[in-house]
Structure formats: structure tokens, C-alpha cells
Amino acid sequence: MTIATAMCTSFKKELLEAKHNFLASGGNTFKLALYTSSATLGAATTAYSATNEASGTNYSAGGADLGNVNPTSSGTTGFTDFDDLTFSNATITANGALIYNDTASGDPAVCSLAFGGDKTSTSGDFTIQFPTADASNAIIRIA
Amino acid sequence: MFNVAVETTVGQVNVQTTCNRGFTSEEIATNAVAKIISISETADPVIKAQAEAFKERMYWVIVAACDQAIKSDRTTLYNLFKSNGHADMAEILRTL
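Note that the protein sequences, when read in sequence, are chains A and B.
Throughout the first sequence, residue numbering follows the working numbering, covering 347 to 489 in sequence.
Throughout the second sequence, residue numbering follows the working numbering, covering 5 to 100 in sequence.
Among these hints, one or two may not hold up.
Straight-line distance between alpha carbons at most 27 Å, and here's what the computed BS3-like set of lysine-lysine pairs gives [unchecked claim]: (1) A:Lys358 with B:Lys39; (2) B:Lys75 with A:Lys377; (3) A:Lys465 with A:Lys377; (4) A:Lys465 with B:Lys39.
Just so you know, the hints here were simulated from the structure itself, not pulled from any lab data.
Just so you know, these numbers come straight off a predicted model, no measurement behind them.
Could you build the full structure based on these sequences and the hints that come with them?
This is the structure we're talking about:
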């Protein structure tokens, strides 16, 4: 069982089918779900699944909504970002996450994120901080 | 014959957790500043120094704003608890 940081291959195809809209206003609702180390997530992941999803106090199956940030570009790279996400007052252990489109039919996957090990919050905050939104670091980049 | 190669990349997230507490204003400010400004290692030294100074100033502005927001929210909660008959809880909040 492995979680790898990867852009899902199905997402690349679905971009060409206009299945995903990342606009802050009028865009799709994207969610982030947390997973235990028993999950297998990576480029081959195609959709959200509750199998091996993390559980705990103040965490609901399916995860939480992400705040879209309007896509932009710099040089020849287009990129988008999300607001940092916090599960407050939560007791959770997670090894990775999946970002998926909750608006589109079938909850198609966008990308999987590996945390590099188990991360635990105990009656505290569990925050996922997204990288600086620029052409070199942004969470989703197309060059 | 033409073809266009497009590369999609996913960035690296940072996960932060706490135990039996929330984040402090300083921790939130550090995250916010990192999100707002990124300074290239190869930037011109003068521009880099200016950017570092701006980043430092932003950090303290955000710390102050967070502290103010916490105090303001506690005032709101104090009044909410008090108006609902929980004066003891309100007092605990006020003295935090």
C-alpha cells in the first residue's frame, strides 16, 4: 500500500473533456479527503473512494471542501491554487490525501498527495498548507 | 507535422498538526507569509533584501491582525455566552 504524490492520469484526460472548472466563482467544488497508510493512491487513481479513508473526531467521510483560487499564469505556465485547509479540533491520523471534484459525476480524482509519513492531530488542528501559488511551486501546474 | 507537449505537475503540500491546542498567531502568520511571498534564491541581492524586509514586516502585521481577530472573537463569544445565561463560561473566556 503506497500513497504517491501524483497528478491523476484520468484528470489529464478529463481536462481535455472540460470536466473540471477551478474558478473561485462559479467553478466546481473540489474536496480533499484524508487516507491512512493502508491506502493506495497515485497516478492510476481515478475517483474518490472511502476505502482506507482516515476517520476520527471532527473528520467526516469525503473530507472537506477546498476554497478555489482563480487559475492564473506566469510565463508559459498556467497554475491554480486552493486555500489552506484546516480540520479543527480534530483527532486524526493520515498518511496522504486525494483532491477530487465533488461536482462532477463519479467524484473524479485530480491528484494524490503523500505526506511522507503518518501525520496526527490530537484534539488539535490538522492543516494542509498548499505551496506558494507560482509557476514553480503551485499545487497544480500546466507547463 | 506538429505536436504540442504539455507537462502537468503537482506541488508539494505541507501538513501541520497540533496536540491539545490550536495554532498560535505566530504559526498562522508564518504560513500566511510563506503563501503570499516566495523569494527566489537567484534574485538580485538588493531586490532580495527588500523582499526579505517586506516579508518580515508582513509577518508582524499578520501576527497583530490574528491577535486582534482572536480578541474580537472572544468578545463576541463572551457576549453570546452571557446572553444565554452562561456568565461563568463567559468569564473564563474573558480572562483567557
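Here's how the hints hold up against the structure:
no. : hint                   : in the structure
1   : A:Lys358 with B:Lys39  : 26 Å, holds
2   : B:Lys75 with A:Lys377  : 31 Å, violated
3   : A:Lys465 with A:Lys377 : 19 Å, holds
4   : A:Lys465 with B:Lys39  : 21 Å, holds
When held up to the earlier numbered hints, the structure conflicts with hint 2 and nothing else.
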